[in-house]
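*Asks:* Start from the sequences, fold in the hints, and give me the full structure.
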Amino acid sequence: MYKVKRTLLLILCMAVMLTSLLTACGGSENATNSAAAISSSTSAETSTVAQETTLPEVKLTWYVLSNSQPDDALVFAEANKYIKDKINATVEFYPLNQGEYNDKIKVKLAGQEPIDLVFTSSWLNPYNDNIAKGALLPIDELLDQYGAELKASIPQKYWDMVKLKKIGDDKAKIYGVPNYQIEASVNGLAFRKDLAEKYNLVDAINNMKNYDDLTPILNTIKENEKSVFPLIDANLTPEGKYDLTTEAYKYASVANGIAGATIDIDTFKVAGLDDPTLNATELKLAQIRRDWYLKNYIDKNAITGNVDLEPYKKQGKVFAYLLGACKPGVEIEEKTKYGYDIIAKQTRAPMTSVGQVTATMNAIPNSSKNPERAMMLLNLVNTDKYLYNLLNFGIEKTHYTKIDENTIEILKDSKFNPSMAWALGNQFNAFVQKGQPADVWELTKKLNENAISSPIEGFSFNSEPVKTEIAQMTTTGLKYDKIILNGAADPVKTIEKRNKELSINDNWKKVAAEVQKQLDEWKAANVK
Amino acid sequence: MNTRITLRETDRNIDKQNGTMKKIFHSLNRNKEFCLMMLPFMLLIAIFCYLPFYGITIAFKDFHYNLGIAKSPWIGFENFRFLFTSGDLFLILRNTVLFNLLFIAAGTIINLCVALLLNEITNKFAVKTYQTIMFMPYFLSWVVVSFILYSVLSPDLGILNKLLSTFGMGAVDWYGRPELWPVILLFSVIWKGTGYGSIIYYAVLIGIDKEYYEAAAIDGANKLQMVFKISLPFLRTMIIIMTLFSIGGIIRSDFGLFYFLPKDNPLLLSTTQTIDTYVYRALKNNGEFGIPAAVGIFQSLVGFILIVASNGLVRKFDKDSSLF
Amino acid sequence: MFLTNSKGSLENRRNKIYKILINGFFIAFAVCCLIPMITVISISISPEDDIMKFGYQIFPKHIDFLSYKYIFAYPKQILNAYGVTFFVTIGGTLLALLINSMAAYALSRKQFEYRNPLAFIVFFTTMFSGGLIPWYILITNYLHLSNTIWVMIIPSLASPWNMFLLRTNFKAIPDSIIESAKIDGANEMYIYYKLILPLSKPALATIGLFFSLGFWNDWWLCLLFIDKSGLFNLQYILYRMMANITYLTSQMPLNLGLVVDTSQIPNESARMATVILAAGPMLFVFTFFQKYFVQGLTVGSIKG
Chain A
646 MYKVKRTLLL
656 ILCMAVMLTS
666 LLTACGGSEN
676 ATNSAAAISS
686 STSAETSTVA
696 QETTLPEVKL
706 TWYVLSNSQP
716 DDALVFAEAN
726 KYIKDKINAT
736 VEFYPLNQGE
746 YNDKIKVKLA
756 GQEPIDLVFT
766 SSWLNPYNDN
776 IAKGALLPID
786 ELLDQYGAEL
796 KASIPQKYWD
806 MVKLKKIGDD
816 KAKIYGVPNY
826 QIEASVNGLA
836 FRKDLAEKYN
846 LVDAINNMKN
856 YDDLTPILNT
866 IKENEKSVFP
876 LIDANLTPEG
886 KYDLTTEAYK
896 YASVANGIAG
906 ATIDIDTFKV
916 AGLDDPTLNA
926 TELKLAQIRR
936 DWYLKNYIDK
946 NAITGNVDLE
956 PYKKQGKVFA
966 YLLGACKPGV
976 EIEEKTKYGY
986 DIIAKQTRAP
996 MTSVGQVTAT
1006 MNAIPNSSKN
1016 PERAMMLLNL
1026 VNTDKYLYNL
1036 LNFGIEKTHY
1046 TKIDENTIEI
1056 LKDSKFNPSM
1066 AWALGNQFNA
1076 FVQKGQPADV
1086 WELTKKLNEN
1096 AISSPIEGFS
1106 FNSEPVKTEI
1116 AQMTTTGLKY
1126 DKIILNGAAD
1136 PVKTIEKRNK
1146 ELSINDNWKK
1156 VAAEVQKQLD
1166 EWKAANVK
Chain B
330 MNTRITLRET
340 DRNIDKQNGT
350 MKKIFHSLNR
360 NKEFCLMMLP
370 FMLLIAIFCY
380 LPFYGITIAF
390 KDFHYNLGIA
400 KSPWIGFENF
410 RFLFTSGDLF
420 LILRNTVLFN
430 LLFIAAGTII
440 NLCVALLLNE
450 ITNKFAVKTY
460 QTIMFMPYFL
470 SWVVVSFILY
480 SVLSPDLGIL
490 NKLLSTFGMG
500 AVDWYGRPEL
510 WPVILLFSVI
520 WKGTGYGSII
530 YYAVLIGIDK
540 EYYEAAAIDG
550 ANKLQMVFKI
560 SLPFLRTMII
570 IMTLFSIGGI
580 IRSDFGLFYF
590 LPKDNPLLLS
600 TTQTIDTYVY
610 RALKNNGEFG
620 IPAAVGIFQS
630 LVGFILIVAS
640 NGLVRKFDKD
650 SSLF
Chain C
458 MFLTNSKGSL
468 ENRRNKIYKI
478 LINGFFIAFA
488 VCCLIPMITV
498 ISISISPEDD
508 IMKFGYQIFP
518 KHIDFLSYKY
528 IFAYPKQILN
538 AYGVTFFVTI
548 GGTLLALLIN
558 SMAAYALSRK
568 QFEYRNPLAF
578 IVFFTTMFSG
588 GLIPWYILIT
598 NYLHLSNTIW
608 VMIIPSLASP
618 WNMFLLRTNF
628 KAIPDSIIES
638 AKIDGANEMY
648 IYYKLILPLS
658 KPALATIGLF
668 FSLGFWNDWW
678 LCLLFIDKSG
688 LFNLQYILYR
698 MMANITYLTS
708 QMPLNLGLVV
718 DTSQIPNESA
728 RMATVILAAG
738 PMLFVFTFFQ
748 KYFVQGLTVG
758 SIKG
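Line by line, the protein sequences are chains A, B and C. Using our numbering, read the first sequence as starting at 646 and increasing by one per residue. Using our numbering, read the second sequence as starting at 330 and increasing by one per residue. Using our numbering, read the third sequence as starting at 458 and increasing by one per residue.
Be careful, since some hints might not be right.
DSS-like cross-link-like pairs, simulated, lysine-lysine; straight-line CA separation at most 25 Å [unchecked claim]:
| # | chain 1 | residue 1 | chain 2 | residue 2 |
| --- | --- | --- | --- | --- |
| 1 | A | Lys810 | B | Lys613 |
| 2 | B | Lys361 | C | Lys567 |
| 3 | A | Lys1014 | A | Lys867 |
Over the 12 Å line for every Cβ pair with chain C, so calculated as not near, a few chain B residues [what the hints assert, rightly or not]:
| # | residue |
| --- | --- |
| 4 | Gly348 |
| 5 | Ala375 |
| 6 | Asp485 |
| 7 | Phe496 |
| 8 | Ala500 |
| 9 | Glu508 |
The hints are simulated quantities; they were obtained by calculation from the structure and are not laboratory data. From the three backbone atoms N, C-alpha and C, an ideal C-beta is built for every residue, glycine too.
*Replies:* This is how it looks when you write it as structure tokens:
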């Protein structure tokens, strides 16, 4: 008994010691922080006393979409010195990666925790849902007042595209700042160049007109290269287009591409599950994919889970794959990643879409205690080259070296290289990395400018009124889409079954009607 | 006159109040030691479970973050519509309930068997080794288990198919055959959970005085008789408690198991989709709290009714084993 | 095992076969559990090329500790996480055992008049809850526990499930023992501390193990309430790594033209190495608790 008591005591003592240790650590961290704050505030006084005296000091919190790095503390301290100087604020940066971002931020937003900046987008921490739930602050006025520079740095048409009308509001408002970069989606296909040349397929690839033209190309590879899969994922046209030319496509999907609510952009009408043209295309594509599946062009593992294409690409085990962004310099990018030369073929003209413009943004939550200062910070990050590059690449000589004014080389074993420039701000302010074409940003800007504008550009669907229907339809989609897209089962039967399920409770018709209603409203207000 | 009557009445009332107060006071005094011992636990329960209880109203509200729970508008049973009008309701209910029944039955039997057999081994070192090794899989999360399972079952690189082909048998497309998955999932659960699940029974078994067994042996009882006459009666209360708890969760499911192991394969959904994975998949990305809360209430209610009913049954036959 | 050998060699031989069968069963089971574990270790020390070429192997073709080097390249974070996890596990388990066993003892005593209503109040919370959001608001805005180490301990201290299991064990202790102590003038606290706890060592060890596993394996509380990297626990670091992989491989940002640097994805051997690092120490903890329920209890045995 004594022994037990003594060990218990011992453990308790240890516990107490540990706590004091930990709190001490926390304390010292605070101490250094405040010390840094003091030192920087003194420097602030000397440099900008005159212009910033009216701003009281505040603390901001920013949940950055990023990968945490060993030198986070160092870089953030450096950034804070600069920010303090400029807008008299200290920023707590909390880097969260893509996997944890939703889990963590959803609860914080719902619990109205005072946060000043969050990442939001069409695919992560969804922008539309956040607005519908009242999570984000409309920033139109703030932008005019404190972010004039930022507002001017991004073309007006993109601002119009991030505008959304909340139910009950009389006009659409801006709820987030897009991280200005490639704003047009350009789909394309990548083919391994060495194999294409070996079997004289280059011309065939360049002359492809439609999906059917792919079959003989894939077949050549299947017959001659035993260790290479012609394809991994058969879904080569995400928007369901049969033509593989750069002609514009007349259908646009809404609500994460849910079946039954596609918009015919020529007529401003919703094309539902009963649209003959759409149905014919879908069936035609599905039958081609079924044919591929049966001929073993596809790795049959692909239907399992989310396919991780990376290992296939790294090992050179795949001949053709989808390029999500067939943009300037993509060949070099792919080669540095996987070590193979590729032939990149655009399969759709560059086109601006709401989904693309809202693909990466930063926004101010409703719960923010200092929205004005948060806007100033956004303004700073998006327009100040030094700060933006500091947060992206770290400190010069410690983390990277400059080759010339705009080109840098990241040091080997750099302890700060989150590689998430696209989630932080205006990417055109970024240094060009060694290996990238020097004019990469000019080329991208040109691509943006030349992108086709869709007639419904700027329309975004608010799914809140039909959220139950969409949730039910989502589960149906999960059940059948991957099968149809990979040809894993008889297409006619599968599509029939799916459509039957989508019709339960008249789900797709309700959604289609809602889309049509919102589209009509939008048209009345925006199309002259 | 009037005043006197009223006075007397108030007197009596005060007396009465004093009586009940006294009674309460006495009762508290009698139980004060117990109350004191329960205090920290009940405080924690009160703070962390009962204080946030108002949140249950989210299920009946159109929850807007900026309005908070209290000010969000009521919408009746709208949030319940998602589950109850779903075309898959029958399928996911069936899967959830059947899997749970399977896990309760198989789990109890296997955990008991392992505990009983472990108790038969006299060599301390052997017991420790077996227990430690059987416990190892418990430390692997379902995500990691899903990697391992894939390495065993994958169609071309999988260990199992390689094994089958060496015996001259054809490869099986494990991820394309939904009918096999109840067995695969059951096997995974047993593999991962037996080390953990058997401990609780084993702890009871080693607490039993060895004299009982010695006396039974002298009387000429065989092993099986000892199990049924000595071990199981001692284990009964524990078995009942464990089963009661499992019954309460009969329409809930271990999310990780059903979500990660089938690798999101659409071909397997017919036998692996449960209520929890269904709701998660439908609302994965958006910040919807009302619908999951509504589903949660449904699950709680069913579990609650089942557990109270079965607890009532237990009370009838064996008062000491009941939960409350 | 308690049979005397008086019944001759037939009995002896039967006993032997019986023992072989039991041990055979356990050895088979153990092999089933060991192989995947060995595979995990094997992957963690395999070069990435081998994994791509041959898939998962039970024994590595080449040995390479690169993944461990990768994880320990910046050891500060991971060592710190170990510290946090150890503190939470040890402190949490001790506190939880104390609080839950006291409550369990009170609820196990027939003399306690409120035991049934209280048991019901406790049980009710296992079925119904107010949900995540109000609970989150309570902890962050009213109790101000976020970004403190206590947030990983306090919310999971009271566990109805473990409390009921303990109560079941305490109930099995014969009343006569307690009554005789009462006659000697002992109060309830004394009985609980001097009689019940020593008598229930196997049960306490079991529940203690359950608690410590709960604290050790928890990443959810850390995810919700901890922002400061100095307070991250081990499982959370493992979780965020795994979660990131799942997302990066889903191709979502890629299809939108966002550049994802795949070198940020730890390779498979690194993933498995983290599994080993996270689970390894707990096996020692397990054997620590095990000692209390493997030793044949002669003093504390239960008499009916």
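*Asks:* Now tell me, hint by hint, if it's right for this structure.
*Replies:* Tested hints:
1. A distance of roughly 24 Å separates the Cα atoms of Lys810(A) and Lys613(B); the hinted pair therefore holds under the 25 Å criterion.
2. With a C-alpha separation of about 14 Å, the suggested pair Lys361(B) and Lys567(C) falls inside the 25 Å cut-off, and the hint holds.
3. A distance of roughly 61 Å separates the Cα atoms of Lys1014(A) and Lys867(A); the hinted pair therefore is violated under the 25 Å criterion.
4. With a cut of 12 Å on Cβ distances, Gly348(B) stays outside the contact zone with chain C, its closest approach being about 18 Å.
5. Non-interface call for Ala375(B) relative to chain C: violated, since the shortest CB-CB distance, roughly 9 Å, does not exceed 12 Å.
6. The Cβ of Asp485(B) does not lie farther than 12 Å from every Cβ of chain C; its closest approach is about 9 Å, which violates its non-interface assignment.
7. The claim that Phe496(B) is not at the interface with chain C holds, since no C-beta of that chain comes within 12 Å of its own (minimum 18 Å).
8. Consistency note on Ala500(B): stated as away from chain C, and its beta-carbon is indeed over 12 Å from all of that chain's, at 14 Å minimum.
9. Its beta-carbon lying about 23 Å from the closest one in chain C, Glu508(B) satisfies the requirement of being farther than 12 Å from that chain.
Consistency note: the structure conflicts with the earlier hints numbered 3, 5 and 6.
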